[in-house]
Structures are given as C-alpha cells and as structure tokens.
Amino acid sequence: MQYGDRVARAAPVDYVEGIGGFLLDVVGVWEFSMRNIFGEVISVEACIVSGCTDEFLLGVDFMRGHGAMMDFERNEVRYTTAGRAVVIPFRTHGDAKNARVAAVRMVRRTELAGCTVTPIEVSVAADDGEVGIFLPTENTGAVMLAATVTKVKNGKVLVPAVNAKDDKARLPARRELGQWIPLSSDVEVLRVNGELQRGRINEWLDGLGDSQEPLEDEENVNVGVEDEGSRQLITKLLRVYRQLTADKGDCPPATSLSTEHHIDTGDAAPIMLKRRRQAQSESTVVEENVRKMLTAGVIEEGDGAWGFPVVLVRKKDGE
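Sequential numbering of the sequence shown, starting at 4, is according to the working numbering.
Everything labelled a hint here was simulated from the structure, so no lab data went into it.
Note that the structure is predicted; figures quoted are calculated from it, not measured.
Idealized CB from N, CA, C, for every residue including glycine.
Simulated restraints on C-beta separations:
1) A150 <-> E206: 26 to 32 Å
2) T268 <-> G117: 33 to 39 Å
3) L211 <-> E285: 37 to 43 Å
4) G68 <-> L27: 20 to 26 Å
Heads up, simulated DMTMM-like pairs for lysine to aspartate or glutamate below, C-alpha to C-alpha not over 20 Å straight-line:
5) K319 <-> D220
6) K159 <-> E179
7) K239 <-> D220
8) K319 <-> E285
9) K239 <-> E219
Full structure from sequences and hints, please.
Structure representation (structure tokens):
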C-alpha cells in the first residue's frame, strides 16, 4: 500500500471470500504505477483486501480493459497502448520435471559495433539464481547469438552477440531472440578451468587405454580436420575406442553411451509423407534392418502423427 495512492471512490465490492469461506473486508482502491523490466510504466487500480496489503492480483478486468493476451507458450502478457507494445513476463510453477520454456527478449535497444563480440542484456522470466540455457531461435540478420548456459540476476542474463558485418547493427528493445530452458537440479554444469589444454587431453587419452597401436588402414581415416595436432588427438581417441567402429554384424557397433535425440517441433502441424515406391524385393531388406535396429535399441516404435519414408543406402561393402 505504501507504494500506491488511494483512489477517492468506492470499491466495487465490500468483501471477498477467502480460503475456508472466511470473508475478508476490502479496505479500498489503490492506484499503483509500476515499471517492468523493459522500462515501461504500467498503471493498475487494485482492491486492497484486509490482511493482504503486500500483494494484489491482476484479474479479468485488467485483461479486458487493456485487451491483453496471456501467452503460456512464451510466459508473458502482451497488449498495445498508445501505439506501442507492452510485454509483462511472468513465471509459472508446476512439475519440476517439465521445462518451463519462456521467451527471451532484448531489455533495451542496443547498438553493436562492426566485427565485434558484445554481451547483450536480455530478459528472462525466472527466479534470481536460476541456471538455464538460452537458445537462439529467431533470425537476427548479421548478428549471431550463441547458445549460452548462464545464471539469472534481477530477471536478466547476459548473452554474447557477434556482429559479423563491418557496419553497426542494432537490436531493438523487446525483440524476441530465443527461448530460456531451465536446467534441472540433477544437471551438473562444468566450468572451463584449463582441463582442455592439449597436454592434459593427451594425458587423459593415455589413461583411457591403448592409444599407441595404429588402427587398421589408419592412413585412410578421415577425421575432418587438417591441423596435425588436432588430427593426432582424434586418432588417439579412435584408437582407444577402436571396438566401437569395428563391424560386428550388428547395428550399431557396441557403445558405452545411451544417447537419445529429440526434435522440438514447437507448434508446427504434423507432417506425414507418403511412402516411397520401391521394388518388392527390397521390402524384405527393409523389414530385416528395421527388426535389427529395434533389437539394438537404435529406434523405437511410435504411433505419432509424424511420418517420414525410409531411404535405403548400401554401404561400400554391399551391406
């Protein structure tokens, strides 16, 4: 109440019903002027209830009066006033296992110098101290944003922005840049502390197993890098895990990691493509390979609305 001004008019109701059916008196109507994270001033008239003088609710009257829309996909309330957009981020609390994905927007208009990397301040609807991942999802032209693991402070985080042009680039206030995905408490964030120096990596590889015995046809192995030092490191790693690339007649070769791939389709409509035409003799090959991959755990049965055809490509050895 100390942050607002009392309005000299009667409240629309004399009391409200609290938890357990108790009636709580309405003290009166107060007007509050607040400033959101984007620097926009928002005025609210609220009924102050006896015993609840430190908070109030934004109800249907506020939403209807401003023509506001509540977007639970982006965790924000949006409306337009005097020709400009107003955005109010909010947080939701529920099952901790479900990621509370929220939109990330520019806090203020920012100008980036040419060919520079600049930390920019973006808004996040999250509690202070929460650790999460910023994922860029919007096209920002010549400005490239990096996926960033960071911590929230005062509803904001810093994200590195790279201006690839020689000229200046501008990012307007309230522009949506991406999404915020909070990390669960069982995820450990590893800090860069010098452990990835080349000498330390060599020691680590030597401790994993036999990294000296050459691979079969090692001179023909293409690791995708030209730098000799990097090639040596990757080759040593392949030597240690040579059994993973050995053809054992199964799909896939033996592995020590359980990896799952997830594609975020957002609110896109499902796509079901027609089955490709193929020779009847190839159907047996398809079914055999599908059974093999199901048994190996590479794929799993699904009954969703998405569907894509299978393409058969024979390996060099004819398999």
